[in-house]
Structures are given as structure tokens and as C-alpha cells.
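Protein chains in written order, with this note's numbering: chain A, 1 to 340; chain B, 1001 to 1364; chain C, 2001 to 2362; chain D, 3001 to 3504.
Hints are not guaranteed to be accurate.
As the list claims (entries may be wrong) - Below, in silico cross-link-like pairs of lysine-lysine (BS3-like), each with a Cα-Cα straight-line distance of 27 Å or less:
(1) 1324/B x 172/A
(2) 3020/D x 3235/D
(3) 2014/C x 3020/D
(4) 3391/D x 2014/C
(5) 3321/D x 3366/D
(6) 3209/D x 203/A
(7) 3437/D x 3344/D
(8) 3400/D x 215/A
(9) 173/A x 1143/B
(10) 1315/B x 173/A
(11) 2014/C x 3400/D
(12) 3400/D x 2347/C
(13) 3327/D x 3235/D
(14) 1212/B x 2317/C
(15) 3126/D x 203/A
(16) 3370/D x 215/A
(17) 3235/D x 3209/D
(18) 215/A x 203/A
(19) 226/A x 3344/D
(20) 2317/C x 1216/B
(21) 2347/C x 227/A
(22) 1143/B x 1308/B
(23) 3437/D x 3492/D
(24) 2274/C x 1216/B
(25) 1143/B x 1212/B
(26) 3126/D x 2148/C
(27) 2213/C x 3321/D
(28) 3442/D x 3374/D
(29) 2213/C x 3370/D
(30) 3020/D x 3031/D
(31) 1127/B x 1315/B
Treat the hints as calculated values from the structure; they're not laboratory data. Note that the coordinates shown come from a computational prediction; the quantities given were computed from them, not determined experimentally.
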Amino acid sequence: MSKKIRNMTDSNMLLSITIIVFLLMYIGAIIFQGKGFTKPQTFFNILNANAGLIILACAESLVMITGGIDISVGGMTALVSMCCAVYLDHHNGNVPVSMLIALLIGLAYGLVQGYLVAYLDIQPFIVSLAGMFFARGMTTIVNSDPFNVVNEQFVALKLTRINVPGMGSINKKGVYVNAYVEIGVIIAILIVILMFVMLRWTKLGRSFYAVGGNKQSALMLGINVKKTKFLSHLICSVLAGIGGYVYFLHVGSGAVTNGQGAEMNAIASSIIGGTMLTGGVGNIIGSFIGVLSLATIQNIVATAGLGEAWWTGITIAAMLCLFLVIQSVLMARKKKMMKK
Amino acid sequence: MIFDKKISFSVVLVMTLLLLAGCSGFLLGQDQGGSSDKGQQDEKSNRSVTIGLSQIGSESDWRMASTRSVQEAFSPGRGYYLIFDDAQQKQENQIKAIREFIDQGVDYIILDPMVETGWDSVLSEAKEAGIPVIVYDRRVDVKDESLYTCWIGSDFLLEGRRACGWLSDYLKDRGINQDINIVNIQGTLGASAQIGRSEALDEAVLAHSKWKLLAKESGDYTSAKGKEVMNDMLRRYGGIINVVYAENDNMAYGVIDAIEAAGYTIGADITKGEILVLSFDASKAGMELALDGMIAVDTECNPLYGPKLVEIIEKLEAGEKVEKETFIEEDQFSAVGYINSVKVEDTSYPVTYLTPEIMKEREY
Amino acid sequence: MSAKKNSLSDLFGKIVRQQIFIPIAALFILLLFNLIFDPGFFVITLGENSAGDPVLSGNLITVINMGSELAILAIGMTFVTAASGGQDISVGAAIAIAGSVLLRVLCGDNTRPAAGELQTSFLVAFIVSCIVAMAFGAFNGVLVSIFKIQPMVATLILYTAGRSIAAWINNNELPIISDPEFGYFGGFIPGIPVPTPVFIAIACMIVAALVLKFTNLGLYTQAVGINENSSRLNGLNPVFIKWLTFVILGLCVAVAALIKVSRLSSINYSVIAKDIEMDAILAVALGGNALSGGKFNLWASIIGAYVIQLLTTTLFKYEVPSDALPAYKAVVVILLVVFSAPTVREKLAHLKKSPAAKKGVA
Amino acid sequence: MSEGALLELRGIYKSFPGVKALQNVDFNLRKGEIHALMGENGAGKSTLIKVLTGVYTKDEGDITLDGQSVNIRSPQDAQHMGISTVYQEITLCPNLSVAENIYIGRSDNVIQNWKEMFSGAEKMLKALDIPAEATAQLASCSIAVQQMVAIARAVDMDCKVLILDEPTSSLDDQEVQKLFKLMRDLKERGVGIIFVTHFLDQVYEVCDKITVLRDGKLVGEYPIKELPRVELVSKMLGKELDDMSEIKTHDVVKDDDDSVPVIYEAEGLSSTEGIKPFDFHIKKGEVNGFVGLLGSGRSECVRAIFGADRVLSGTVKKNGKIVKIQKPIDAMKNGIAYLPEDRKVDGIIGELSVKDNIILALQVMKGFFKPLSKSEAEAFAAEYIDMLKIKTASADTPIKSLSGGNQQKCIVARWLLTHPEYLILDEPTRGIDVGTKVDIQKLVLKLAEEGMSITFISSETDEMLRTCSRLIVMRDRKVVGELKGEDLTQSKIMSTIAGGEVQS
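With the hints as extra help, turn the sequences into a complete structure.
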């Protein structure tokens, strides 16, 4: 057993921890919280509400694995949703073009941020900080009033529900209700799979890990470090554009406050999922579970009827703290074992 | 150790577990459905009613007083179990909370909506699940009115009209006949209170040829933002501002701060260049300012919904019908004097002359 | 090239290569911009406030007044960055906590105390809030130094919890202190026309300068930030030093909180000092300090803080709505960091050297 | 172009701000040749290699590979052209598996075929006799194994030119022999090898030609047979070398001289790093040393003495009094100084100036609230820069821009400044040029003469024999013997290390 742990890569080790803790938490929620958590729809609602965040977390994990950070994803969510909302409602736009807008915003962001980080060697924190400022400010400039989109095509898409076969529950009236997910969830899961495959089975994916592990070495190993960094930011921003759209699809409104704090949630999810800010270590499945963990905590706190709003923040922080300390202690122990 | 075997194993493991959780959830859910019905009956004898309360946030005194009022009204001692959710100023969170309430199978949902639109889908989910939704304070704008059981709240337009009516009467009474330059520090844009109060002002400006609306900008109902916006206005217009129409007390507080910091005087005497501040809510802090004359008139926006809501739910529990729309009674306070009542559309509303005694009697 | 010209350009190169050159240059460019487009920006007038006391007002006064908190935080943030190679993103939340504690201690259970009803003196309240803020700093410090969690991640915890804790401290109420004396810290002391925060900030800088001069804090934090192993083998205790920097930042947070709370005589824990952590980090970065730790220049960070405030004030002057402000700020920040990036500077230097190269690559 | 020429460099120039690293350097490599590139630290070897591998771009000059003029812009370019490199510092990614480190960045395939990669890597590791699993994370392997993996990677690439930049500094003799065999095999296949090392023995064992650089300029290219060692060294140093053997002429304190007091004494000392409890003492003015193979625990022993690792057991006496040494500062306060084995990781504080690096230890001992004044610090720095002949632009230059040997001198200066009674030097001569090596050995003896006790560790046994009067022999993290006087010979040391048995 100890040998197995010793040979485990850091990424896999942290992923296992995450999965175990998440399962324990969910089972705990079922046991102690009862009712709600046994319903499949509760779980799918978590997915529905966090599909956008899942994509953002994937994006964040990618840059974090490559050794960077991007704190502009939340701002981009606001910008994307506001631009799309304004286009759809004020300019009578259609949905495909609005999707294109989201992608273009992502692309533009990715090109600029990627270039600044990779080719001009500016610290990613500062670049994406400016990116966040820019997105938030730009959102207000585009439109400062929050509003719900009424574009029929869009609303139809927003309300589209995909039933999950074989799952459902019986509600208060005694009617069987099939569990469903929104379109965003399908997109999010596709992206998780895509990113997982990309990071695991493509050369590009592995070079992200290599660059994150040791930039200098990666260069010596014949990897184009600048290009890799550039691509990581490019993909991240495009994903953030998609994530922003999925989020928009879920909330259906354009508002300056959209995606507020999403960057921190995405980072927190990635960390809970076992991605390390130092780079080179991380896993997309972990980030996915990380989002679910975070959302589950929120759900547990919200439904526990604690009465006061501040508990949410404190509990999430406590869980985050717990995760981090567990990770830190386990990694330290592993290192010790390795020495012997 | 095999690298990809390990990982694929863990992926499969997770997927299976999730699937298992889902399936068992399905089975359990069914099970639970049955037993919870039974449980419900058991509880019925204890008369424990579970209520989900989705509150906008805790951004102002008013909101917090409102929350507290509801929480106190639905205390466990009276046979209620209240699940409170603070949405932190996001409709998204409210929708999430309502979904959670539905999943938890609460008996009633009480909602103070952040904005008016965007509720159709989640409220129809609640309706499908057979959970009555009671909307209070702000309104919802849904295509199908049957999606919510009833609404109870303030008549914001009336509040605005009463405030404007007071100003108009006051100016008439004092014989002030100069141009009146007004700035409007609006609430969070899109909120019912903002819409109603702003509309009343717009109406009044149209009705009075001497009144000029210099600018309107949102202060998001917070004092910090209100102060910032006011600073901005003072920088732009300086001393020509006569009246500030602040759409809640918190912003009025910031406004007063900004005006004093900029070296202008606050008061009702417009002819002497004093700036007159109108405000809404009549929270404790606002009333104190009104008592000092810093706020010329504070139009109440009653936050104490608790008792009213209990009344409604008791009616519903007893199987009685409730009115679709109810307004909550409200007052208007001023320490400036001169005006005892304001007439809006042929109805006369009293203005309470504010004294320290009145302050003491108030609950918040 | 003649020798004289060479030495002159060498000297110029030397100045340009100085770390503190970047923020100072930024400061001058912004001032120059204002000078060209509206010299009125520099007007300072002596007026009277509502209480009849003399006050100085004007854009420059606003800059040094409103920039105080940021400058104070930049001091602490610089140390943290230097020693731990990471940033504390919880300072905004910590200010909410410190401010709440301050008000809680002053007000007790009464959220609207009249002038004479305060529970304790300001000093006691301030000391308590300092202790609390330092305790939270210590908490961050423990996570970073003992558990070896990256600072940004470790402080994410307090970032998430901070405002909730602040709400809890005051039972979700928003206390207001009506005692005018409390407003002195964030406003004016009667008779002194210069805003008090300026004095507080200057005091903090003097303390920082004295600390740097009469202790080894500077050397130790840099050594630890650059090479933890070597530092340990040279008898330093990296764990303690990293921890210490977080505690110092905690103290800075308490001072900033005092000013912030005093400005409003109240607190709104969900918006007070919002995003100030980002500005503080930005100040450190604009000062040309590596965010990955190691060598630092405290004064450059402080100037960086005032650059940010000057930028804000300038934009306000041009009537940029406060919500749209970040967009403009972002553009300026990007321009600044792009031009201070070593690779860009190198390229520019190349352009200058080869006369064939075209000028004016903006 | 001469026949059989594989790689030609003509008139290479490269300069960094303030430094002319390479000036008009030529270099020739033929097919099937092992060519040593020699020079002191700072002579420009590393720069030349980095130019060749595309890490730096040259300012001027031509590179011809296989008769074609090439422009190498990046490490990938170099790889594609068939130039593969093993660097002195391990340049692999610690977070990836061993197999990935061997294969990453080498093919243009989009898809990573894990199965094929693992089996290929497994085969290669077996063929090269590297004790590592292909699937293990690189960070879990020892430094030596990591270095071997790097070599495996370079060798596996179908290269025309193989550059080995001090690959042997972390390898033990057996591993070095394995490497040499590999080099000879490659030579047979017509690969040109550029070999950079500080070990003269190794040069003369495998190389065919030597090119010497000094101060960024070419000194000359010589067939190995025409350049005896002494001449090589003098060419590297640019002056006639005073004979090394001359070093040991001083009277050294002998351990059995009872009139000399014992400075430091430890009983049953052990640390978390897994060394067996050992006893140790040193007398005033004595120079002794720990010998043993890499990983035998010699560094761990001195680290335990200094309190660098957590001490688990043992009593320590300083000047006869029992003291507690738990952490470095305790040791420093007791007059013990320690120059660590790994200069980069444990020694220098890269971005800080030479001055700050020199005063650091003294400063720490003085305490937090008593900083040295600027003038004091400058005076100290100047004194030691002068005394140890540290080559630096100024005392304010960041130490990382100095050459390895000069960095080492700074660290020595740092400890001398604390005026220790007992100085531990762990591999002070590793990876530095011959000139500085000699300087340091001389310094050790001079200090001992002045009454300082010194423990000296080096991988090069002859250095130890030259300086130490007593050697403690380590094997498998245990002290297995002590040698002094007559026993201080190469063969005796070898046999003690081997445990009296003949090793295969």
C-alpha cells in the first residue's frame, strides 16, 4: 500500500483525496440532511446551477497546471452575458450569433492575455487582474442595468430540459417527476471529457504539465514553452467565454454582478480538486469534483436552516481550509516516505 | 503501478458511485416520498410547518429588519421550521434556493424577489411540486399569475407620490417659487421600489414646471455607493442642487455625508441655498436624521412583514382563500413641520410629526 | 559614438534600470497628462467644512487622502510578497473584520450610540481591532508557513469567510457612530486643514522606514523569499519570518480599517474595502517588485499605491462613472506593465540602438 | 571544411549586459569523436553550449552542422537537427513520469500513446541498467537516477551530436563507468560527443580531443595525447600551476596529540535523515573528513552536527561543555559554521548582492535588532572579496551572476566572517574550476594552521588525502571506520569503503 502511494503521481494522489472527501460529504449529507439529497434532482440541480462554473474551473485548472493563474474568468462571465443579453434583446439578435459573440470575446481575451503572459513575460496574475478590471468595467459601459432576456429563441433554449433516463422522484403531489439537466450541463460535461482527454492523451496536454512542472526544464526538453503558455491562456479564455455563455444560459439575464466571485470559486474548486497553484499538478476530473464539492457544501449549509447568512461563507472557508490542510499534510507525509 | 489503469479505474469508480447514488436516490426518493408523507402526518399533529424563505440579501437596515421580522414570526415555538437563504443580491442564488426548497419538500416558499422578471420557470417548478409561493415586498412579473399564491408589499408608487406631494405642498406652504433642481439617487435599477419611486418623481417633475431633474444615477441602496454618486453629482453641479431625492435611508446617509464633506449645508430652507433631502424607508438611522432635520421627510416603507405573512399562511393552512394583492400600511415622518397631510389622487394621507417619543415606540 | 555621450546614456540607462523608476515615471506621466489637459487639476483650495474648520481640498489632496489606506496596505503586502512569494488576497475581508471589531467594541450592543454612549475609548477599541487583525494575519501565516500552502490559496479561506465573520461580529447589523470625534481619523481634525489619513499614512511609512533601518526585517524577508533552504542554514527561521510578515500585514490592515471605518463612521461589511486586495497587489507590482518574492523596494510599492489612486482620481475628474472605472484602470495598468516588462524594455533598447529601426512603436 | 567534420563553430560572439561571455570562439567536432570542452568556471563553456542548443542566440558567428550552415533558435531546433544535451543541473520535469521525461517534446504526434511509451522506456531503462520504473514520478527518483534518465533521453534521441555538460557530478564511479561505456558505444556509431567536466581523470579516460576556453576566448584545440594534465591545467588557468603536491607542507594537528583540546564532541548523534547514531570529535586546528560513496551518509552526518536536519538523539559537547544544537542558529552561536553541499539550493541567496550574501550569517548571529551599518557591511564585504580574490563587478552585484567558483568563495567568506571555531565544508570544490579548488584547499590548511578546526568533505579522494589528517569512513549511512597516519592512502580508503571485501 505504502509503495503504491509512493509511486502515485501527485496529481492522482490529490485526485483520490478529493473523490473520497466528496463522496463522504455527499453520503454524510444524505444521512444527516435526509430528504433532499436522496433525490436525484438535487444532484442534477447542483449540476444545472454550476455548469458554467464547471467550465470555468476547467479553464482555471488548465492555466494553473501550466503554472499560471487567470482571475479574469469571473469578469469575462459578466462581460459575455451582458454583451449577449444586450445583443439578443436590444438588437433583436439570434442565438447562434450570440454564441459566436461569446466565443469571440473569449478568443480576443485569450489572444491578448496569452500574448502578454507568454511572449512579454508579464506575471499572469497582473495580466488577468487587469483583464478582470477591464471586463467588469466594460460590462458597465455596455449596459449598467440588469435585465432578464426575453428573446424567445433564447428563452426556449434556456428552458430546454433533457431528461435523465431512469432517474426521477415522486413529489409531494405523488406525481413522478423525471430528473432533468439543462443544456449547459451537457456542454460542461463534454468540455470536461474533452479537456481530460486533451490533457491526458495529447502531446500538447502533456506539455502543459511539463511547463507547469519546470519551465526551464521543459524548454530544455524541447518544448516550446512560450507557445504552450500562450495556448494555455488562449484555451482558458475561450473556455471562459463558453463558460460565461453557459452561465448566461442558466441565469438568463445580463447583469454587472453576474459571475461575481466566480474566479475565486473556480480557483477554489480547482484547488479542492487537487490542482496546485505552483503548477504541474492537477486533474480535470478533480476540478469537476471540486465544483460539485463546493456546491454541495453550499447546498448543505443553505438547507440546514442555520438561519443566518454568514454561515455559508464561514462553512465553505472551513471546508476549504480542511481540504488544504489534508492535502498539505498528506503531501508532506508522502515526501517523507519517499525519502526513506 | 500502472498509470492509466489507475486513473481509468478511479474514473469508473466515480461514475459507478454517482450512478449508484443516483439510482438509490431514485429508489430512496420513492421510498422517502411515501414515508415523508407519513412523516408529514406525524408532524401535522405537532403542526410543524416547514417554510423556505428566500431573502435578497442583507444590504440595508431595512432588509435586515424585514428578515428579522419574518424570522421572529415563524419561530419554532409557534410550530414553524424556517429555512432562510440569503441570496447576496443575486437572482441566480434565489432561483437556486427555491430549487433547493423544492428538493427539500418544504410546505411554503416565501420569496422577496431581487428583480421582477425571470421567475416563470422556477415558480412553475414550485407549482408542479405543489408548493404555494408567497411573494412579498418586491413584485414578480410572470406570464401566468397563478404561479404564485399572493403578493403582499408596499405601494412604492404611492410612497413616491406621497414624498413628491409633501415637497409640493411644502414649497407651496413656504411660498417658494424658484426653480427647483432635483437629483435622484436611485435604488438598484430594476427593483420595484426603484421603479415606483422614480416613476413618481418623473410624474411630479412633469406636473411642476419649475421642477428640474438634473440627473439620476443608481446608488444601489448602499450608503457607500450613495456617497460616491452624490460626490460625483456635487462635483458636476455643485451648489445649484436644491433637492436630493434619495430612494432609501442608507443612500440618504451617504448623501448627507457627501454634502457635508463638500461644505454645503443641509436643511429645508432652499431659498438660503440649503439642500433638502427626501428619503424613504424610515429606518431607525433614517428617522434619527429626520429628527435632526437632515432628512426633510422620510416616507416609510414598512419592513415588518412577519405578522402579515403569518396571517396569510395560517389562512392557507386553514384552507381559506387569500387576496391576490395586499398593500401593507405605511406612514410618513417629518420634523420639519408645516405639513400635516398629503393628498394623493383624492386620498389624504397623514404626515406624522416626528418626536423622540415616536422614535422610542418604534420597533426598529 | 563619443565617450561622453556614452557615459551619459549609461547614466540614463542606470536610472532607467532602477526599480523605483517605473512607478515614479508612471506618476509623472499621469501628472503630466493632467497638466496638459487640465492644469486646474492641481488647484488646491483652502475652504471650510460644515463645522467651520479649515480644510484643504483639491484633486491632489484627494489623491494623498484617499490613497492612504492603499499605501498602508502596500507596506504589509510588500513584506508578505517578499517573504512568501505570494500575495494575501484576504485584506479586504480582513478590513471588514477589523472594522467590525472596532465598531463592536465601541458600540457594544447598541448599534446607534449617541456621542457620549461609547463603551470604551477609541484607543482601546483600536488596540483590540489590531489584535484581532493580527490574529487573522497569524492564521494566514500559519497556513502559509507551517502547512506550506501557497499564500493565495491559503488566504482564499479568509477571503471567503472574512465578510461573513464581519457580519457575525455585529450580529448582521450595521452600526453607526455619531460621535464626530470618531470621524477625525478618516476626515479632518478641527484646525488642521490636511486630512488625517495622510498623517496616519506618513506615520506608517516612518515606522516602516525605522523598522527597515533598525532591524534586519528587510534582509531576512528577502533572504527567505529568495532561498528558504539557505536562509535556514544561515540560522534564520523561515517559518517564523513568513509568519511574521503576515502578522505585520494584519497590523497594516487594522490601521487601514480604522481609516476606512472612520471615513463613514459606519461599516457595511459586504462592500467595505471591496477589491482593495487587488489594488494592493497591483501597487506592489507597479512598484516593479516581483510577485514571486525576493528582492523588494518598499518605496516603489508605496508610490505604486499613489499611482493607482492618482489614476482613479484623474478618471473621476473626467467623469468616468465609478462602475466603468476598472476598464480604464485596466488599460493603464496593462500599458504600465507592458512598458516595464524586461522583454519589452530590451526590445525597445534594441530599437534605440539600431538607427535603422523605426521610431514610435507605441 | 575538413573531412569527417560534423559540427563547426566559427567566430562565435555572445555578450550579456556588462559581460562579454564569448569572443571569437571556434569549435570543431568530428564524427565519432569525444571532445572535451575545458575551462575554468566562467570561461564560457556553458554559454557556448547554450548557444549550441538554442537556449541563447548568438550575437555573431556561424554554425555549420553536417556541412550546412544552420541557425539554432530554440532547444527544439537543436533537437530537430540532432543535437541532444544533458545539462549539469537536471533539466527534467519532476512532476512527470520517468517515461514521459524520456519522450516528451520529441515527436510531432498529436496523441500520446502511453502503452508504447511505457514499454519503450522500460526497455531502455533496462538496457542502460537504470534502477527506475518507467511509470514512477520522476521526483520520487534519486538525483543520480534522474541524471541517468536525462542521459537516457539524450542517448535515445537519434542524435548526431551529444552534449554532456558535467553529467557526472552526481554519479558514483560505477555509474560513471556505465556512462563511459555508453559514450564509447555512441562513438562507434559515429556520434560526436562534447563532454564538459571538471574531473581531469575522466577527460583523460574517454576523450579524444580537448578544446580549452579561457575568459570567453578560445585558447586552443589539442589532441589528448599532446596535452599532459599539468599543461592542460595551466592552459585553463592561463598561468603555470604551482604544483598541487606542494600544498601539504604545513604541520597539521594530529588527532593523537593530547595537548590539543577537543573543540567539538558528539556521542550517538542521529537525525531524521536516517543515519545510524555515530560518535565524532574534532580537535583544535585539526582537519578531518568524512569519506564514502555518494549517499553513504557523509553529508547527513555533518548536517546533523550543524543541526540542519532535525536531530533525533545524541549528546553534543562544545569545548567540553554539553550544549544543545537543534537548529542551525544553535550551532552558529556555538561557533560552528557549515558550507552546504548544494551551493545553489542551500548556499547562495541568488538575487541578493554579494555583500548581503557575505554578511548574512554574521548578521543573523548579531540578531534581528542589530543590523550592521552600511559602511560596516561594505567594509566586511570588501575585505573578504579582496582576501579570497572573489571576481565580481562590485559588492552590489547579485551573487547569481557570478561563476560557480566565485559564488562558493562568497559562501566561504560568509562563514569566515562569523569567525567560527569549527568550520564544516561539505563538497566546497564540487563543480568549480581547478584554480579555485586549489585556492580552497590552501585556504583550509591555512585556517587550520591558525587554529580553526575543519571538517572537509569531497568526492575527490585525493583532495581529502591532501588536506585531512584523519578520515571517517561511511558506508550505508553508518560510520565503518577511521583512518589516519599511515592508513591515509587511496587503496586503504577504497577497501574500507568496500568493507574489506572486493567489490565486483
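Each hint, compared with the structure:
no. : hint            : verdict
1   : 1324/B x 172/A  : 24 Å, holds
2   : 3020/D x 3235/D : 20 Å, holds
3   : 2014/C x 3020/D : 19 Å, holds
4   : 3391/D x 2014/C : 22 Å, holds
5   : 3321/D x 3366/D : 23 Å, holds
6   : 3209/D x 203/A  : 39 Å, violated
7   : 3437/D x 3344/D : 17 Å, holds
8   : 3400/D x 215/A  : 19 Å, holds
9   : 173/A x 1143/B  : 24 Å, holds
10  : 1315/B x 173/A  : 21 Å, holds
11  : 2014/C x 3400/D : 20 Å, holds
12  : 3400/D x 2347/C : 24 Å, holds
13  : 3327/D x 3235/D : 44 Å, violated
14  : 1212/B x 2317/C : 24 Å, holds
15  : 3126/D x 203/A  : 25 Å, holds
16  : 3370/D x 215/A  : 40 Å, violated
17  : 3235/D x 3209/D : 14 Å, holds
18  : 215/A x 203/A   : 16 Å, holds
19  : 226/A x 3344/D  : 26 Å, holds
20  : 2317/C x 1216/B : 19 Å, holds
21  : 2347/C x 227/A  : 19 Å, holds
22  : 1143/B x 1308/B : 26 Å, holds
23  : 3437/D x 3492/D : 24 Å, holds
24  : 2274/C x 1216/B : 24 Å, holds
25  : 1143/B x 1212/B : 37 Å, violated
26  : 3126/D x 2148/C : 37 Å, violated
27  : 2213/C x 3321/D : 37 Å, violated
28  : 3442/D x 3374/D : 31 Å, violated
29  : 2213/C x 3370/D : 10 Å, holds
30  : 3020/D x 3031/D : 30 Å, violated
31  : 1127/B x 1315/B : 19 Å, holds
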